[in-house]
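Novice: Protein chains in written order, with the numbering used here: chain A, 1 to 165; chain B, 166 to 509.
Because the hints were derived from the structure by calculation, they are not lab data.
What you are looking at is a predicted structure, and each value in this text was computed from that prediction instead of being measured.
Hints may contain errors.
Unchecked claim - Distance condition first, Cα-Cα at most 25 Å in a straight line; then the derived SDA-like pairs of lysine to any residue:
| # | chain 1 | residue 1 | chain 2 | residue 2 |
| --- | --- | --- | --- | --- |
| 1 | A | K95 | A | R41 |
| 2 | A | K128 | A | R41 |
| 3 | A | K32 | B | I500 |
| 4 | A | K95 | B | Y203 |
| 5 | A | K17 | B | I498 |
| 6 | A | K144 | A | K32 |
| 7 | A | K38 | B | Q202 |
| 8 | A | K144 | A | E103 |
| 9 | A | K25 | B | I197 |
| 10 | A | K32 | B | Y203 |
| 11 | A | K101 | A | D129 |
| 12 | A | K25 | B | I498 |
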Amino acid sequence: MNVTTNTRAQRMTFWEKLYLPEIAKGLALTFKTMFKPKLTRQYPEERWEPLGSYRGRPVLVLEEDGERCVACGLCSRVCPALAIEVQAGETEREKERYPVKFEINMLRCIYCGLCEEVCPEEAIVMSKDYDIVFHSQEEAIFGKDKLLVPIARLQERLEFLRQYK
Amino acid sequence: MSSLVLTLIKGAIALNVALVVAAALVYLERRISAWIQYRIGPNRVGPFGLLQPLADVLKLYTKEDIVPYNASKPFHRIAPIISIAVALSVLCVIAPASYLLLDDGTKLFIAVAPNVNVGLLFYLALSSIGVYGIVLAGWSSNNKYSLLGGLRSSAQMISYELAMGLAAVAAVMVSGSLDMNQIIASQSGGRWNIWFQPLGFLIFLVASFAETNRAPFDLPEAEPELVGGYHTEYSGMKFGLFYLAEYANMFTASAVMTTLYLGGYDMPFLPTLLGLQEGTLPRVLFELAVFVGKVSVLLFLFIWVRWTLPRFRYDQLMNLGWRVLLPLGLANIVITGAIVFFVR
Ligand code: SF4
Ligand code: SF4
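Make a model of the complete structure from these sequences and hints.
Specialist: Below, the structure written as structure tokens:
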């Protein structure tokens, strides 16, 4: 093994060993870069629109006649972060059961998407919301008021699920 | 007596200019680094983000000032003061313009302390005192990383001081004086030292990078290995002072290089072409503009290099200082001496 006799330093040419020409090259490169178009997105003004495959915060699908969820509790059961709490109640509607209380603790949720995968009714899906903020721990628990999202706004995700799930 | 008052006024102006320049440099550093990395940089505070340094300083002031439990308190307190004081006091020998001819025929020199016959030595001496600030900061913090940063810094500064001094000696041989005003006067009409001393300029430039602890020689604060180096244990405005000192040092180093090698405020042909008489106000303003322009180019170079080159390893740094720059500096002196001896 003759590794040490062929190091990078020994393979360098005289000009490379002088450093300065190489430094000048590097400087030229960074100088050119200064005038290239910038990649920064000016966030609050310019927003990024995710694709259907994006896993944002989980939301409940709201149809014209109410939520799809039948309060089976599977999502709550599968959630690895124990973020979901469901309390079932009875309803006059055809599906007979509905969630009286449905809460997701957004401080716990890890956006894994298992709840969506396990749901038999396709009632909980991952949305495109990625800027989720709150000022206190209480605020971080999203109830039905925040979770229910009209189905029209979730079409892209539902389409994606139909194709790839 | 009035000359004392005048000097004080000039000193106050110079201090303020230096601090404003330091603030502007912080902004520019962030902007230029952003551009080099395909980013935009600070643009939210004020127009074009120009008030960002102000916001930064405000933040630093309102932060808690933490002194480590086992730190040596007096030294911990003095260290940043030494750093900034040294960085700022060098300013007084720098001549950003020549003089203003007053009505009664006296010359009002623009430099705070004009015609100091050891001006350059003063700079070299003070800039090496700056190392005390860093070493004391490292030692008094009672933190191993700080101490390592401080030690590295002292080794680095001593090594590069030599090369810097040797380069300066050659330049002084060409100019024939240590007085900043004289050095500039000897380069008037475009006979800048950089044309006669390209090697000396290069050595001085590299040594200045090391003296100011700037990348690629920012080993004293090498983040990956030393957390923050000598200022790890500093917070609030004490940290701010170190930060400020770094930029003030950059400014003075650029100013000295401009004086020594780039002809200071000299601009060939243009003043006579514009009909600016020596000693008049327009001429002084013109000279100031020229000086600021040259210094800005060097300052840009400082920032540009920092965001281009990776940091040197410690042995590489010492190799470069002792085995390359020092012999080159000596050779430069011998050659310059021979030429000066035979040509003049
Ligand atoms: S969201 Fe789906 S899985 Fe969860 S309780 Fe409702 S129906 Fe069941
Ligand atoms: S995305 Fe994962 S962590 Fe979040 S609620 Fe659904 S199952 Fe729980």
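Novice: Which numbered hints turn out to be false for this structure?
Specialist: Hints 1, 3, 4, 6, 12 not satisfied by this model.
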